[in-house]
Amino acid sequence: MTKALLAGAAITFALAAPAFAETLKIGFLTTLSGPMAPIGQHARDGFLLAVEQRGGKLGGLETEVVVQDDSLKPELAVGHAQKFIEGDQVHFVVGMIASNILQAVFQPIAESETFMIGVNAGTSIYAGAKCNPFFFSTSSENNQVPETMGKHAQDAGYRRVVMMVPNYQGGRDAAEGFRRHYRGEVLEEIYVPLGQLDFAAELSQIRALDPDALLVFMPGGMGITLVRQFSQSGMAESLPFLSVWTVDETTLPATQEAAAGLYSASQWAPDLNVETNRQFVRSFEAEYGYAPSAFASQAYDAALLIDSAVTAAEHNLADKDALRQALRAADFSSTRGSFRYNTNHFPIQDFYLVQAEQRSDGTYATAIRNKIFDDHADQKAAECPMATE
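Going letter by letter, the sequence shown gives residues -21 to -1, 1 to 368 in mature numbering (1 follows the signal peptide of the UniProt record, and there is no 0).
Rather than coming from a laboratory, the hints here were simulated on the basis of the structure. Keep in mind that the hints are not guaranteed to be accurate.
[Said to hold, decoys possible] Simulated restraints on C-beta separations:
| no. | residue 1 | residue 2 | range |
| --- | --- | --- | --- |
| 1 | Lys350 | Lys299 | 33 to 41 Å |
| 2 | Val165 | Gly213 | 18 to 26 Å |
| 3 | Gln175 | Gln61 | 27 to 35 Å |
| 4 | Gly268 | Lys52 | 27 to 35 Å |
| 5 | Thr342 | Pro172 | 28 to 36 Å |
| 6 | Glu155 | Gly34 | 42 to 50 Å |
| 7 | Gly268 | Ala108 | 38 to 46 Å |
| 8 | Asp134 | Ser217 | 15 to 23 Å |
| 9 | Gly341 | Ser12 | 24 to 32 Å |
| 10 | Arg159 | Gln61 | 32 to 40 Å |
| 11 | Pro172 | Ser339 | 35 to 43 Å |
| 12 | Glu236 | Ser12 | 26 to 34 Å |
| 13 | Gly213 | Pro53 | 36 to 44 Å |
[Said to hold, decoys possible] Derived lysine-lysine pairs resembling PhoX-like cross-links, with alpha carbons at most 20 Å apart:
| no. | residue 1 | residue 2 |
| --- | --- | --- |
| 14 | Lys62 | Lys4 |
| 15 | Lys52 | Lys62 |
| 16 | Lys4 | Lys36 |
| 17 | Lys299 | Lys4 |
All C-beta atoms, glycine included, are put in the ideal place defined by N, C-alpha and C.
Please work from the sequences and hints to get the whole structure.
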């Protein structure tokens, strides 16, 4: 398999398919440029690994995957989505790393009645009032992972905290999630521009506020810079750094020792004791030479979900009702073990407190320390009209 895909490349996994078989076409929209590129790379690699492992087929059909880089630019993402639908005539659009990208492409894809599988962005409104029968997520609603860390902060007895997040929908959702189970005092909510790569001023502000803990969401390259500067500031010795989507396998190769010991929240970790996950981690590291992240696992699960649905629909890609019912059933073995859909097409799943550590081979990864939630459903589902169907 080609490990380094160029954006826009159509990868066809063809293995002597019968002449009459229809080709399953998938548009994979991801972020491969800019500060969030590591997340997009993990997602792409996880998805393509699952396709390769199934002999280049999902649901028994020869599968063509067209990968496009949205460069974290909504207008570019809309153009790619239109080409997927009108030019490539894909059956599924998969990906959408950032919430601003999902917001840009959601309506045109949904209106075309093309199935979307979101592998990361879990924009709250699409779990609630604007849920859609053509959208499924294999990640989580944006509030849920921050809810997990907020619950940990509450249980740990931190009475005064500062929150710091990017100023876009994903960041605002994270701040809302942090607050849901946290009952202490929020001294300040600091919002920074998406893509900011210098946090010296914010760290000085945090030091002056003297909180008991810092709750953080800074994805990709933003998180790398923040963790390094946090370590250099000396604050790591006395201020608990509680993060979501910041300290993980996409950033640890760059932060390494600076991140060791820092906590995060997640629905997945490489050491999650599930057979499918053990096989996934081994195969991913053997194929790509680096440790997978939750973003890779979510995309891997997306491919397994499509595989199960196309099989259950008896390969009939035109029968969208049958495909939808099969997607809702989620009849596959997830890297997370427990995985089932709520009425809004977002997973009901477990969430954990994880910690960055150095492994025996010298590399860094996260490891589970405690389960915070069992079978946790997002609260936005109650606002979803599909809940009454």
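Which earlier hints can't be squared with this structure?
none
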